[in-house]
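All chains, please: the whole structure from these sequences, using the hints.
All residue numbers for the sequence shown refer to my numbering, where the first residue is 2 and numbers rise by one.
Take these hints with a grain of salt, some might be off.
[Unchecked claim] With a cut-off of at most 30 Å between alpha-carbon atoms, the simulated DSS-like pairs for lysine-lysine come out as follows: (1) 47 x 107; (2) 12 x 47; (3) 12 x 107.
These aren't lab readings, by the way, just hints derived from the structure by calculation.
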Amino acid sequence: AGVVTLTARHKGLYGNEIPVTLNYYGFGGGEVLPAGVNITVASGVKGAGAPALNDAVAAMGDEPFDYIGLPFNDTASVNTMATEMNDSSGRWSYVRQLYGHVYTAKTGTLSELVAAGDQ
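Shown next as structure tokens:
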């Protein structure tokens, strides 16, 4: 019996969201294991930590962006962008008037997503 170890290229929380699936489309999609081959997908070691976005936000300067795609959905990253976009001192404030919108994505149960939306 052999072992294949998968390691996410980037460390931190985001490797935790990479799906490891076997025969995703199944028999109907032409994905089946050969006879006598058994594979078990085990839970891995969870990563921790998120990137700091302060340098990225500073690099945006006063350049207007209509759409900002945020690949990170942890609380710290979302809060950093919320501060940058707020209407009292951020891009939406009367002093800066740069506007724009930030988009991110998250997976989870209904209650997890509601909690994330309330950040």
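Going down the list of hints, with the structure as the test:
{"no.": "1", "hint": "47 x 107", "verdict": "17 Å, holds"}
{"no.": "2", "hint": "12 x 47", "verdict": "10 Å, holds"}
{"no.": "3", "hint": "12 x 107", "verdict": "18 Å, holds"}
Hint violations for this structure: none, all hints satisfied.
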